[in-house]
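A.B. asks: One letter stands for each residue in the lines below.
Protein chains: 2
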Amino acid sequence: MSELKQMDYSSLQHLHDQAKKAFDIIKQENLSLNMARGKPSVEQLELSLELLNSVNSENIGDNFSILNYGVVDGIPEAKVLFKEILEVDTEEILIGGNASLNIMHDLISKALLKGVIDSEAPWGKEENIKFICPVPGYDRHFTICEAYDIEMISVDMLEDGPDMDKVEELVRNDASIKGMWSVPKYSNPDGITYSDEVVERLAKMETKAKDFKIFWDNAYVVHDLTDNPPRLKNILEACKKHGNPDRVFMFASTSKITFPGAGVSAVAASKDNIDFIKEQISVQTIGPDKVNQLRHVRFFKNYDNVLAHMKKHAEIMKPKFDAVLNILQEKLGSYGIATWAEPKGGYFISLNTMDGCAAEVISLAKEAGVTLTGAGAAFPYGKDPRDRNIRIAPSFPTLEEVEKAIEVLCICIILVSTNKLL
Amino acid sequence: MSELKQMDYSSLQHLHDQAKKAFDIIKQENLSLNMARGKPSVEQLELSLELLNSVNSENIGDNFSILNYGVVDGIPEAKVLFKEILEVDTEEILIGGNASLNIMHDLISKALLKGVIDSEAPWGKEENIKFICPVPGYDRHFTICEAYDIEMISVDMLEDGPDMDKVEELVRNDASIKGMWSVPKYSNPDGITYSDEVVERLAKMETKAKDFKIFWDNAYVVHDLTDNPPRLKNILEACKKHGNPDRVFMFASTSKITFPGAGVSAVAASKDNIDFIKEQISVQTIGPDKVNQLRHVRFFKNYDNVLAHMKKHAEIMKPKFDAVLNILQEKLGSYGIATWAEPKGGYFISLNTMDGCAAEVISLAKEAGVTLTGAGAAFPYGKDPRDRNIRIAPSFPTLEEVEKAIEVLCICIILVSTNKLL
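In the order they appear, the protein sequences are chains S and U. Plus 6 on top of the position in the first sequence (first one is 1) and you've got our numbering. Plus 6 on top of the position in the second sequence (first one is 1) and you've got our numbering.
What the hints contain is simulated information worked out from the structure, not anything from laboratory work. Watch out, some of these pointers could steer you wrong.
Intra- or inter-copy, both count: the list cannot distinguish identical chains.
Below are the DMTMM-like pairs computed for lysine to aspartate or glutamate, each with C-alpha atoms no more than 20 Å apart in a straight line [to be verified]:
no. : residue 1 : residue 2
1   : LYS284    : ASP145
2   : LYS136    : GLU49
3   : LYS89     : GLU133
4   : LYS284    : ASP155
5   : LYS284    : GLU152
6   : LYS131    : ASP155
7   : LYS216    : GLU132
8   : LYS216    : GLU203
9   : LYS33     : GLU413
10  : LYS410    : ASP155
11  : LYS277    : ASP217
12  : LYS318    : GLU206
13  : LYS26     : GLU373
14  : LYS216    : GLU174
15  : LYS372    : GLU90
16  : LYS27     : GLU83
17  : LYS324    : GLU132
18  : LYS89     : GLU132
Please read all numbers here as calculations on a predicted model, not as lab measurements.
The shape of chain S in the complex, shown without the other chains (with noise of 0.2 Å):
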């Protein structure tokens, strides 16, 4: 195998012609395969059945208190298990519904309406606002801020997290940039954990806006797929060091430890922005499912065994990852037409086609009955400026199913790849 861009022209037709008959038969197999999602698979799903028989008629006892309105801040038991998933203390967090997603889109709205803790105004009353968005990133925080009109700058994911030089200078110097996002562990798509550096100067850095917030999406913080995690630097410790302790918002949800329809959902931040954030809350709801959240409680008991789950579920996600990096080294190997990030955890494996090819690609696996992530979702307004991001989600698939699904997506690289340099 050597560098396609090397090869001679003959060399490249074969090729071409090798990878053509390979999709025209695989076409007559009708193939529906889906990896666009994060979504758990069902063996996965099958870990925490016995949570759905943690509260019953038996054993609710005299626990009547859970079923009725009330604690708009969630139950004090479920706060102690998510602090020592976000590493804080239990007046520095609150336990919302099933969804984290609904919790950072209220904060935004909320802050659009009324403002953030340190706000002289309300968001929305402002010209115009930005936010930084790391690129390749999480489609729906993009989706949130293009809804209601919040302008994204892209910056550029490097190897240990988003471009500091680039984040510090924006927000240095542009009053309008109000905030920021980030998956910092096992990022979506790049599976990239920030450094303890990134995290530092994040915390760190001097904003022009007075009310910059990082929204601080940890969705995969207990997500390893190895023995020997990347351990990310604890943000909101470091942002009270360097005297900015209401700048971030964490996030985490249990959607994939346990059920992501029917999760539970935490925020933590410094103690006055959770006292903020809960009378907002209380002007919008009585309280949030606190039976769930009891449901949970009992499940897990404990930190250690929210730990030993996902070794659980790690043992049935590696397969699939290493399935997929090892098809694609074995198929694309050194063409030079792709290149792969190999992520020690999260739901994801981002990959670079040459540029301009990702969206031929997506559309001719589709094509073929492989549904991929549509072209450009990691970037914000759906525009992948390279065209050449395709995030690949092995969760939801069977093994032998994320195989094929890979193999089709070789076949489609090499065939856009060769006629865009034939």
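Once you've looked at the hints, dock chain U against the given chain S.
C.D. replies: Coordinates of chain U only, in the frame set by chain S:
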């Protein structure tokens, strides 16, 4: 018993001294009774305990998609259940999380940020917007308006709903009136059910604001206390008939059917409205807790069972309502110092003292260990202009506690009233 206003000085003084003596004795009892909020009692919560078992690891079957992401508008089976409760089609309904208040809040915050289906601009972009608030009403509705600087215009509740002459005049002439709150069946706190004529007039009236919306909080839709409950006219149908299909958002929840903290909520509206809302909610969340929706569907199976279940609630609630009414009649009788409603359902009994007495009565009752809803709570900005309304919530305490609490309340009313007249 004669009217206090007709009593001579010494009879009044005697009554006052008796009440004072009774009050002092009660204070020694160190009571701690709470009639402040419309919370179901433990006995009521017990009616639904089996719901906790209706989805478990044994009976989940192959229903794994219910555990995973998606279905932002709720599971079809839940729509089938709620469509009968709200008398709409399944395409006119969206099933949410544990709190309909949350949906109401979110619809308003999205209206402010993005507008409703027929808005030319987001409500928040207009100089000043206003909501009509029938009074007395539900404090949490008013809190949402207050939080977002929506000016509240009080309109008195009459015997069959809000004063429609006033409502029609207001909305016809003022384009800044964008919405109106309503608890149309067993209104909070008066227990009034809107007459057919009121519903018709609301559906038909001319509004200067083209994007005027009625928030139809049908919280007590199946919460009858009698065998011949009043029938509320279907406002969505009426709106359609009069060419205003998008005027109304209807809400219901199982908060006071199953569990206040862990129920299921729903919003119903025209299909166009629901499609519009669904798109807005898709920005906010990937989906509601579908497992809890399935629990409810399996527990109730059908609408008839919901009604049968509500009869059991009524069996628990009715004696408490009767106790309140009997004691009020017995102790205050024809003194002419208080009037009260005799609701046929819902959660509250609304009592009016003489003008200028409510706050003092509530404060005295508190001193004697009986917590009532705060004075003015049922009015915008917490201000009862005549300082006379007291909301009695008899559901949560036991029957004995209710009896005791109302006796205390009556003593406080006599004490404050005689003081005022002496």
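A.B. asks: If a hint holds in the structure, say so; if it doesn't, say that too.
C.D. replies: Each hint, compared with the structure:
When the C-alpha separation of LYS284 and ASP145 is checked against a cutoff of 20 Å, the pair qualifies only between copies, where the shortest distance is 18 Å, while the shortest distance within a copy is 27 Å. Proximity of LYS136 and GLU49 under a CA criterion of 20 Å is satisfied in neither setting, with 41 Å inside one chain copy and 52 Å between copies. Proximity of LYS89 and GLU133 under a CA criterion of 20 Å is satisfied in neither setting, with 38 Å inside one chain copy and 43 Å between copies. Taking identical chains as interchangeable, the C-alpha atoms of LYS284 and ASP155 lie at most 20 Å apart only when they sit on different chains, with a minimum of 19 Å there against 26 Å within one chain.
For the homomeric pair LYS284 and GLU152, the shortest alpha-carbon distance between copies (17 Å) is at most 20 Å, but the shortest distance inside one copy (26 Å) is not. Proximity of LYS131 and ASP155 under a CA criterion of 20 Å is satisfied in both settings, with 12 Å inside one chain copy and 13 Å between copies. For a Cα distance limit of 20 Å, the shortest separation of LYS216 from GLU132 inside one copy, 14 Å, qualifies, whereas the shortest one across copies, 27 Å, does not. Within a single copy, LYS216 and GLU203 get their C-alpha atoms no closer than 22 Å, and across copies no closer than 54 Å, so neither meets the 20 Å cut-off.
In the homo-oligomer, the alpha carbons of LYS33 and GLU413 lie at most 20 Å apart inside one protomer (13 Å), although the nearest pairing across protomers, at 81 Å, exceeds that limit. Taking the closest pair of Cα atoms, LYS410 and ASP155 never come within 20 Å of each other, the shortest separation being 40 Å inside a single copy and 57 Å across copies. When the C-alpha separation of LYS277 and ASP217 is checked against a cutoff of 20 Å, the pair qualifies only within one copy, where the shortest distance is 16 Å, while the shortest distance between copies is 40 Å. For a Cα distance limit of 20 Å, the shortest separation of LYS318 from GLU206 qualifies neither inside one copy, at 33 Å, nor across copies, at 60 Å.
When the C-alpha separation of LYS26 and GLU373 is checked against a cutoff of 20 Å, the pair qualifies only within one copy, where the shortest distance is 13 Å, while the shortest distance between copies is 86 Å. Proximity of LYS216 and GLU174 under a CA criterion of 20 Å is satisfied intra-copy only: 14 Å inside one chain copy versus 46 Å between copies. For a Cα distance limit of 20 Å, the shortest separation of LYS372 from GLU90 qualifies neither inside one copy, at 42 Å, nor across copies, at 41 Å. When the C-alpha separation of LYS27 and GLU83 is checked against a cutoff of 20 Å, the pair qualifies neither within a copy, at 59 Å, nor between copies, at 46 Å.
In this assembly of identical chains, LYS324 and GLU132 lie within 20 Å of each other by CA distance neither inside one copy nor across copies; the values are 47 Å within and 54 Å between. Taking the shortest Cα distances, LYS89 and GLU132 never come within 20 Å of each other, neither inside one copy (35 Å) nor across copies (42 Å).
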